[in-house]
Amino acid sequence: METGTARHGSPEAADSRLHRGTNQSGMRDHNERLVLSLVRQHGSLAKSDIARMTGLSAQTVSVIMRELEEDSLLVRQAPLRGKIGQPSIPMALNPEGAFFIGLKIGRRSAELVLIDFLGHVRSMLQHSYRYPAPRETVEFVTSGMKTMRAELTPAQDKRIAGLGIAMPFELWNWADTAGAPRDIMDEWRHRDIRADIQSQCEFPVYLQNDATSACGAELVFGQTGGVRDFVYFYIGAFAGGGIVLNGRLFGGPTGNAGALGSMPVPGPDGKPTQLIDVASIAMLEKALSARGIDGSYLWTSPQEWGDIGADLDDWIASASRALAYAIVAASSVIDFEAAVIDGWMPLAVRRRLVDAVRQTIGTIDGEGLKLPDVREGTVGIHARALGGASLPLSERFLIGSTTISRST
1 METGTARHGS
11 PEAADSRLHR
21 GTNQSGMRDH
31 NERLVLSLVR
41 QHGSLAKSDI
51 ARMTGLSAQT
61 VSVIMRELEE
71 DSLLVRQAPL
81 RGKIGQPSIP
91 MALNPEGAFF
101 IGLKIGRRSA
111 ELVLIDFLGH
121 VRSMLQHSYR
131 YPAPRETVEF
141 VTSGMKTMRA
151 ELTPAQDKRI
161 AGLGIAMPFE
171 LWNWADTAGA
181 PRDIMDEWRH
191 RDIRADIQSQ
201 CEFPVYLQND
211 ATSACGAELV
221 FGQTGGVRDF
231 VYFYIGAFAG
241 GGIVLNGRLF
251 GGPTGNAGAL
261 GSMPVPGPDG
271 KPTQLIDVAS
281 IAMLEKALSA
291 RGIDGSYLWT
301 SPQEWGDIGA
311 DLDDWIASAS
321 RALAYAIVAA
331 SSVIDFEAAV
341 IDGWMPLAVR
351 RRLVDAVRQT
361 IGTIDGEGLK
371 LPDVREGTVG
381 IHARALGGAS
391 LPLSERFLIG
401 STTISRST
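Be aware that the sequence shown starts at 1, since it is given in full-length UniProt numbering, and climbs by one per residue.
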């Protein structure tokens, strides 16, 4: 909260306050973030509702909401008239209140997305490749941001509050699996991609693991139905995941909590292997390649894979078994309410995979455990890019940080 300065409702003043608030020392007051989090969760709320939910005084809530309205972060809705007393005026998030950029750096594609304060996608660009190269990635971001920002008005451009990068940690370790030249992948070891992109931005740039970021997208933008503790799996080129505890993304001290791709599961021969070696879409591509089929469409056409046939059936069978064991194992550590599965795949394939996981869990000995409800994710194929965009949104405006640092 600002003190000692006059607050007024001009757009210029609101933009200035927003822009100052995006630097490292200018985070919003806890109570403001609490109000914004509640309004985001419920869609719209009146002052009396927020006072009841938070325990804050009516006067304090009035001051907070007035300031948020002056900052163009909240907008008034139509009054609700009751039988007695003055009508209540719900307040909702202003879509134009802030904008965020998300970057997903994957092993087979990169995505750049621009969202508004409600999480609605305003612009999205995608770049597919055989393997990620640092220089090529920075060039994609540079040209993509220029294109996206050119579509905004000057007032909208000033309200970009940050950029979040969602990428696999230690990307260079996957050179052999990704089929990439080791010298190019080793460049990631020595490059600070966050710093490279930060040098082009006047707003802060954040970094988080890609699967954890996807989990954050499910938490911030998804339809979780009030579930506050869930384990999350994102099935992309490689399988990964994240953890939400008490309604907050949990990354641990290094950001590697929820590294579910590394979880031991039974392999095809019964010997232990890692989830990433069974449930990843790269395994499906490998099976197709073994039969001389080019599986590149798995990455370029995630909405529709066509009729893959027996290879897809076999992959779903093995992936669902591995995921079922991973869910049971995770449940022995934390009493999750739900296990959420999403991924870079058509909705029909995701549904088949989740159905198969539900059936397989029933065959695993879970005595002594309360197994979670297994459900489909609600964000979809762009969860990692949207998760990247959720990093500055959460860090700047919501309760509970979703980033571990501003550097690699």
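Misleading hints may appear alongside valid ones.
[Unchecked claim] Simulated crosslink set (DSSO-like; lysine-lysine; CA at most 30 Å straight-line):
| hint | residue 1 | residue 2 |
| --- | --- | --- |
| 1 | K146 | K158 |
| 2 | K271 | K370 |
| 3 | K286 | K271 |
[What the hints assert, rightly or not] Using C-beta positions, here's what the derived DEER-type ranges look like:
| hint | residue 1 | residue 2 | range |
| --- | --- | --- | --- |
| 4 | S48 | P272 | 54 to 64 Å |
| 5 | E187 | P272 | 24 to 34 Å |
| 6 | G252 | D314 | 43 to 53 Å |
| 7 | G55 | E367 | 37 to 47 Å |
Hints were generated in silico from the structure; no laboratory data involved. Nothing here was measured: the structure is a model prediction, and the numbers come from that model. Cβ atoms here follow ideal geometry from the backbone N, Cα and C, with glycine treated the same way.
Hint by hint, here is what the structure shows:
1. K146 with K158: holds (14 Å)
2. K271 with K370: holds (26 Å)
3. K286 with K271: holds (20 Å)
4. S48 with P272: 54 to 64 Å: holds (56 Å)
5. E187 with P272: 24 to 34 Å: holds (33 Å)
6. G252 with D314: 43 to 53 Å: violated (34 Å)
7. G55 with E367: 37 to 47 Å: At roughly 42 Å between Cβ atoms, E367 and G55 fall inside 37 to 47 Å, so the hint holds.
Consistency with the previously given hints fails for number 6 only.
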